[in-house]
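All chains, full assembly: derive it from the sequences and hints.
Here the protein sequences come in this chain order: A and B.
Take the first sequence: its position 175, counted from the start at 1, is 181 in our numbering, and no numbers get skipped.
Take the second sequence: its position 59, counted from the start at 1, is 60 in our numbering, and no numbers get skipped.
Calculated directly from the structure, the hints in this document are not laboratory data.
Keep in mind that the hints are not guaranteed to be accurate.
[Stated by the list, open to error] With the C-beta cut set under 8 Å, the calculated list includes, among others, these residues of chain A facing chain B:
hint, residue
1, Y84
2, A98
3, L100
4, Y217
[Claimed, not checked] So these bits of chain A aren't anywhere near chain B, every CB distance computed over 10 Å:
hint, residue
5, R18
6, A36
7, T52
8, E74
9, L127
10, G139
11, M144
12, G150
13, D179
14, P180
15, E192
16, L197
17, V226
18, G230
19, D233
20, A261
Heads up, the beta-carbon is just placed ideally off N, CA and C, and yes, glycines get one too.
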Amino acid sequence: MPEPVVKIRDLRFARGNRLIFDGVNLDIYADCVTAIMGPSGTGKTTLLKLIGGQLRPLSGSIRVYGEEVPHLGRQALYRLRRRIGMLFQTGALLTDIDVFENVAYPIREHTRLPEALVRDLVLMKLEAVGLRGAAQLMPGQLSGGMARRVALARAIALDPMMVLYDEPFTGQDPISMGVLVKLIRELNDALDLTSVVVSHDVAETCAIADYAYLLSDGKVVEHGEPDALRESSSDWSQQFLKALPDGPVAFHYPAVSFRDDLLQGGQR
Amino acid sequence: MLDAIQRLGRVTLGFFERLGRGHLFLLQVLVSLPGIVLRPGLVLRQMYSVGVLTLVIIVVSGLFVGMVMGLQGYNTLVDFGAEESLGVLVALSLVRELGPVVTALLFAGRAGSALSAEIGLMKATEQLSGMEMMAVDPIQRVIAPRFLAAFLSMPLLAAIFSAVGVYGGWFIGVGLLGVDDGAFWAQMQDKVDLYDDIYNGVIKSIVFGFVVGWIALFEGSDTLPTAEGVSRATTQTVVHSALVVLGLDFVLTALMFGD
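Okay, structure coming up:
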């Protein structure tokens, strides 16, 4: 078995008094699409920020390409980030420059390439996501799906080794969803990328993932290949993967009995 | 009673914590300033949006403030037969006080609030986070050029305000009320001192540019990434800038002209 490119051990992380992760162990292997799934609020985005070094854990180890991320100094962290692309849920495009300049941005910031080469590179990346024709549009003129594809072109602008996708399918119509699903898989295979997809869109994510982790209550509940997870005997996994309204995760928010509440008389 | 003390403690601690964060933020900005020298284009673009776009409100306000000074000053001075000193009155008030202070207040309202809103929205839409993940330091790339632009624009705007104001006073005094043209300028030349008056006024506006830029950018980047957070940041920029500018003006005036 090859060494994983991301190796997380005993990860603990808290926001205020709330413990988000309590002993998470997770491995991500090169050239694979790894899905990290779980209900909203389980800290999936937080996990990506921990991998990218934007947040620091309470304790535990996060090794990315052999480097211990929480212990890295600023320079080393920035060097590591140049090998990682990240697609934010909102796209996070710079709103004061057009699509072309957004994709050119990381290239211009980190390299001293001649303008003609920058142009060719940007057009190649935009062609890969099918938006070469939109190069002159401003981010405000793009639909949500297009904005995410531009952000994806920007994320792969510096030919990273790994791309982190934060909820790439949320709020997308079926066509853009299909486009994004196809793009993530094809880019992963064509560019020999390592992809980490954080999502709660089970069907789409399982369709392209080589391996999946299910997170809940600060722990990895289950992991394995998507087909194996679907056969899982865990009630929780079945409820989550099949989108059942009731199960171990109750439909009702915890409360006193309905009868007592009604008979309480007038008081809120 | 205990509750009240607890609340007071919490508010006080919160205030000092924020003050500390503000100073750390300033330190980060100052440390990244040298890197900006290599990319003057970034600063120039910001000077356009922070400085040039504020020019209209500065020129119009300067003109009217000068005209009001001319009118009020003439009415007072004429009772003592000293209306020829109108030029001195207008110029000294503008160069020493009104130029730097009113410019700083207008600057906070026009450019400071815009800076806060821009940075706050960039934070809310994850643009700053996105830059960090692209290994681009947002402090150096976004904050520092804006800070430097505010710092450099303020003395220039204050100078323009004062100059336009003097012409406003001249227009009313000499043009409409019949003060002697030669006396207006000659007395001004005689009484306005380059070091005591003009340099001290410039020092004031440099200090105000520094604090207004700092407050506006800190409020923007320290805000909660929500609509309410951004709106609060812009309001606080204007309120805090105004209070700090007026407070500092008193301190600086006492230091410069106190003896």
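Structure-based check of each hint:
With a cut of 8 Å, the hint placing A:Y84 at the interface with chain B holds, because the nearest CB-to-CB distance is about 4 Å. With a least beta-carbon distance of about 3 Å to chain B, the hint placing A:A98 at the interface is held under the 8 Å criterion. Here the hint on A:L100 is kept, as its CB sits about 6 Å from the closest CB of chain B, short of 8 Å. Here the hint on A:Y217 is broken, as its CB sits about 23 Å from the closest CB of chain B, past 8 Å.
Listed as a non-interface residue, A:R18 keeps its Cβ farther than 10 Å from every Cβ of chain B; the least gap is roughly 23 Å. Distance to chain B confirms A:A36 as a non-interface residue, since its nearest Cβ pair spans about 20 Å, more than 10 Å. Residue placement check: A:T52 keeps its beta carbon more than 10 Å from all beta carbons of chain B (closest about 12 Å). For A:E74, the shortest C-beta to C-beta distance to chain B comes to about 18 Å, beyond the 10 Å cut-off, and the non-interface label holds.
A:L127, annotated as away from the interface, keeps every beta carbon of chain B farther than 10 Å; the closest lies near 15 Å. The non-interface label for A:G139 is consistent with chain B: the shortest C-beta to C-beta separation is roughly 24 Å, beyond 10 Å. Listed as outside the interface, A:M144 is consistent with that label: its C-beta sits roughly 14 Å from the nearest C-beta of chain B, beyond the 10 Å cut-off. With a cut of 10 Å on Cβ distances, A:G150 stays outside the contact zone with chain B, its closest approach being about 13 Å.
Look at A:D179: its CB is around 21 Å from the nearest CB on chain B, clear of 10 Å, so calling it non-interface holds up. Non-interface status of A:P180 relative to chain B is upheld: no Cβ of that chain comes within 10 Å, the nearest being about 25 Å off. Against the 10 Å criterion, A:E192 stays outside the reach of chain B, whose nearest CB is about 23 Å from its own CB. Distance check for A:L197 against chain B: the nearest CB is about 17 Å away, which clears 10 Å, and the non-interface claim stands.
Even its closest Cβ contact with chain B, about 24 Å, leaves A:V226 beyond 10 Å, as expected for a residue assigned away from the interface. With a least CB separation of 29 Å from chain B, A:G230 remains clear of the 10 Å interface cut-off, as annotated. Against chain B, the non-interface label of A:D233 holds: every CB pair exceeds 10 Å, the least being about 32 Å. Every beta carbon of chain B lies more than 10 Å from that of A:A261, the smallest distance being close to 28 Å; the non-interface claim holds.
Taken one by one, the earlier hints fail for this structure only at number 4.
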